[in-house]
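Visitor: If you want the building blocks of each chain, they are given just below.
Protein chains: 2
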Amino acid sequence: MAAGALTAEEILAATEGVLRRYGPAKATVVDVARALGVSHGSVYRHFPTKAALRAAVTRRWLDRNHAGLAELAAEDSPAPERLRRWLAALFEAKRRKALDDPELFATYTVLAGESDTVVGEHIDALLGEIALIIADGVAQGAFAPCDPQVTARAVLDATGRFHNPLYAAEWSAPEIDTAFGAVCSLVLAGLRATG
Amino acid sequence: MAAGALTAEEILAATEGVLRRYGPAKATVVDVARALGVSHGSVYRHFPTKAALRAAVTRRWLDRNHAGLAELAAEDSPAPERLRRWLAALFEAKRRKALDDPELFATYTVLAGESDTVVGEHIDALLGEIALIIADGVAQGAFAPCDPQVTARAVLDATGRFHNPLYAAEWSAPEIDTAFGAVCSLVLAGLRATG
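So the sequence lines, in the order shown, correspond to chains P and G. Sequential numbering of the first sequence, starting at 44, is according to my numbering. Sequential numbering of the second sequence, starting at 44, is according to my numbering.
Simulated from the structure, these hints should not be mistaken for laboratory data.
With a straight-line cut-off of 30 Å between C-alpha atoms, the simulated BS3-like cross-links for lysine-lysine are:
{"id": "1", "chain 1": "G", "residue 1": "Lys93", "chain 2": "G", "residue 2": "Lys140"}
{"id": "2", "chain 1": "G", "residue 1": "Lys137", "chain 2": "P", "residue 2": "Lys137"}
{"id": "3", "chain 1": "G", "residue 1": "Lys69", "chain 2": "P", "residue 2": "Lys69"}
{"id": "4", "chain 1": "G", "residue 1": "Lys137", "chain 2": "G", "residue 2": "Lys93"}
Quick caveat, the model's predicted, so the values are computed rather than measured.
Working from the sequences, and respecting the hints, build out all of it.
Guide: The structure is reproduced here in structure tokens:
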């Protein structure tokens with residue numbers, strides 16, 4: 044492959060393949076270059092360090108998990124029902140990744156643990172979307188007045204069993220959907236209530 | 044030590060010492076017997092298998108974490124404030140164990156992962172206490188009518204960041220108490236609200 048034709052996306056796709064094949068502990072930039080048939084210098088031209096490459100592939104994975112959520116959060120619709128759908132979509136996206144391809148999920152969980160910055164940006168994006176829905180709900184009179192940023196953090200924390208990868212082993216349990224519904228109802232009732 | 048004088052509690056205390064010294068992967072019943080100066084048969088007389096001994100020492104540890112919570116749950120006092128104190132006491136007990144003695148905490152986290160039964164009993168005890176407070180709150184008119192068992196599970200799930208050992212690494216973060224307060228307020232508002 045001519046070095047000039049190499050895009051960042053091609054490198055990231057190859058990196059995911061290498062991670063899948065060798066695991067996060069052993070995968071190297073040289074392996075990625077070899078998979079692409081280029082010199083490792085060609086990879087470093089896009090990603091100056093191994094850490095930068097790993098952070099970028101982790102960000103790509105998290106963004107993929109997250110596809111469609113921002114649009115859902117920005118919908119013009121009643122906030123309580125929109126928040127419930129947003130939380131369900133987040134849970135469903137994470138659960139599908141974890142159950143459909145557990146090895147790749149485990150690999151990315153290791154990678155995410157290496158980069159507080161990438162995970163922090165991902166969480167900030169989620170918090171921003173929840174805060175948007177909450178602010179809409181307050182404006183609609185459906186939620187009690189509150190600080191949407193602070194309350195968004197409480198909502199994300201309270202639903203952690205249904206999106207935090209630490210809990211992935213519980214996501215195939217038969218009672219998990221009932222548990223999710225009960226927590227959503229409690230959270231939504233809390234948002235409606237005056238403080 | 045005369046075998047006749049050996050109590051289950053002495054064996055469990057010695058087992059904790061052996062676990063601390065050798066770690067959960069390497070500790071054996073022979074190590075426990077040696078630490079007590081008795082034959083391993085004397086240990087097996089109380090605990091018929093290594094698994095039974097490990098389950099018993101894990102139960103003892105979880106019960107110790109849990110000291111005082113049952114009494115707090117059964118108090119004759121307003122339910123909302125009682126539930127907040129109960130959740131704070133649970134968080135404080137777990138956090139103290141995790142931060143004061145992280146190695147022993149990690150050891151018991153491994154052991155708890157081996158025994159679904161012991162952990163299940165512990166969680167059932169916590170759920171029973173939360174359900175008791177919720178039922179009192181409904182009777183007092185402070186909480187909306189609900190199924191206390193189902194709602195107790197939602198409350199335990201929603202506060203997982205503040206008692207599930209998976210989150211122990213976050214318990215020394217400076218913002219954790221603010222986060223705890225926000226989740227408690229959301230949960231209590233949800234319990235007050237009509238469904």
